[in-house]
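The listed protein sequences derive, respectively, from chains A and B.
Mapping of the first sequence onto the working numbering: position 68 corresponds to residue 68, and the numbering continues sequentially without gaps.
Mapping of the second sequence onto the working numbering: position 111 corresponds to residue 389, and the numbering continues sequentially without gaps.
Note that these hints are calculated values from the structure, not bench results.
Treat the hints with care, since some could be wrong.
[Unchecked claim] Below 20 angstroms or equal to it, Euclidean Cα-Cα: the simulated EDC-like pairs (lysine to aspartate or glutamate) are:
1) LYS393(B) to GLU130(A)
2) LYS182(A) to ASP325(B)
3) LYS131(A) to ASP303(B)
4) LYS180(A) to GLU324(B)
5) LYS235(A) to ASP197(A)
6) LYS180(A) to ASP343(B)
7) LYS339(B) to ASP317(B)
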Amino acid sequence: MNITLWGVRGSIPTTSPDTAAYGGNTSCVEVDADDWMLVLDAGTGIQGLNRSKNLRKGRIDILLTHLHIDHIQGLGFFQPLFDPEAEVHIWGPAGNSQSLRARLGRYFSPPLFPVYFRNLTCNLILHEIEKSEFTIGPFSVSSDYVIHPGPTVGFRIQNQDSVFTYIPDHEFVLGSNPLKLKDLRWLSGRTLADGADLLLHDAQYTTDEYQKKQGWGHSSMDDTIHYGKLNQVKKLLLTHHDPMHSDEQLNLLKTQLREKYNSAVDFDIAVEGSRIEL
Amino acid sequence: MAYPIELILSRHLAESLATPVFLTDTTGNLLFYNEPAEDILGKRFEDTGEMSVEEWGTIFKNKDDDGNSIPSEDLPLVKTLMTQLPYHLTFWIESLQGTAERISVTSFPIIGRAKTFLGAIAIFWRSDSTA
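Construct the complete structure from the given sequences, taking the supplied hints into account.
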């Protein structure tokens with residue numbers, strides 16, 4: 001499968017010259033295999049997919065990890081939603097009371113957005129997921145709740161022998177010290193990340209920044225590298241970059257982390273527009 | 279295989295509390311107990327790990343104020359596991375070493391986001407009066 005990163009910034013889009021190299025669009029990832037397409041999250045990065053040649057007619061599946069605005073801000077601008085010939089499936093986490101449709105409807109309604117949900121012209125099918133397993137074309141998908149404010153899931157996507165795990169918003173250390181954890185069944189997201197060929201994971205903060213933002217739902221880069229090691233992933237990509245981190249800072253942090261962890265885990269910092277083949 | 283996120287978060291909460299907390303699965307197997315609870319059990323989670331309901335259910339005897347044994351089905355945690363409802367009771371526990379302590383137990387079910395019954399929590403409130 002091919003994975004294209006259309007948005008790797010966290011929280012708020014940052015269109016600035018000093019964030020242009022890593023990219024300023026919020027979470028959106030395209031996954032392709034055998035003429036099927038998955039879109040993971042619908043942040044502002046989805047605009048890159050709108051403009052790309054990859055966008056196809058027919059069925060498209062959008063898998064939402066959660067409904068925070070940085071993960072759905074681009075949804076209303078996704079062209080297939082307004083194509084009567086398109087079949088769009090939106091998969092999102094079930095909540096405690098309101099349906100997925102009702103919660104997405106808060107976004108698809110004035111004053112936040114001029115178009116109501118019911119006015120979308122595509123053939124729209126909604127799927128509520130929790131700890132779920134489902135198949136979309138050539139993809140076997142597992143979802144499970146992870147630690148983040150509000151109903152939030154991560155995804156484990158298998159195509160043939162390759163496994164891609166996507167957990168862009170995740171504070172797995174909340175209230176615990178995973179380094180002391182001997183039984184990994186207590187590790188949030190473990191089932192999703194275990195042995196993945198590629199893990200794209202939240203790494204919004206430096207360790208110092210995280211100390212001031214515990215409980216906000218995100219991870220530090222150091223903790224995420226430990227997480228990759230605990231789960232024995234083959235390749236780790238750090239994503240959901242803090243909007244205050246410039247390209248220069250991210251480059252410096254990457255150098256420091258490489259020196260610190262040497263070859264403990266094969267990791268890199270996710271770059272908007274990059275494409276990975278698994 | 280990993281535990282549901284609701285149990286993971288329950289364990290994290292228990293690890294952060296000064297009150298003794300016991301976390302079980304839906305059948306009463308003890309998945310985790312925190313440091314304050316170690317003092318009541320006389321065992322360390324580090325040493326025992328998870329314990330089956332048969333194993334930890336016999337560590338202490340339960341008695342009312344008159345010294346009568348309390349049937350297990352009348353204990354808060356057992357009732358919670360059977361009914362998925364919260365319960366509270368004050369009674370005496372007596373360890374295998376013969377130490378008795380008056381204690382209040384509050385138990386409640388863990389119902390996950392999918393409205394699935396995942397387990398239960400029992401919080402032990404220690405009173406000052408010991409015998």
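These are the hints, each one checked on the structure:
1. For the hint linking LYS393(B) to GLU130(A), the alpha-carbon distance of about 11 angstroms falls within 20 angstroms, and the restraint holds.
2. In summary, the hint linking LYS182(A) to ASP325(B) is supported, as the alpha carbons are separated by about 12 angstroms, within the 20 angstroms threshold.
3. Simply put, LYS131(A) and ASP303(B) have alpha-carbon atoms about 17 angstroms apart, close enough for the 20 angstroms limit, and the pair holds.
4. For a cut-off of 20 angstroms, the pair hint linking LYS180(A) to GLU324(B) stands: about 11 angstroms separates their Cα positions.
5. Straight-line distance between C-alpha atoms of LYS235(A) and ASP197(A) comes to about 6 angstroms, which keeps the hinted pair within the 20 angstroms bound.
6. A C-alpha spacing of about 42 angstroms is found between LYS180(A) and ASP343(B), which places the hinted pair above 20 angstroms, so the restraint is violated.
7. Proximity of LYS339(B) to ASP317(B) is assessed by CA-CA distance (about 16 angstroms); at most 20 angstroms being required, the pair is judged to hold.
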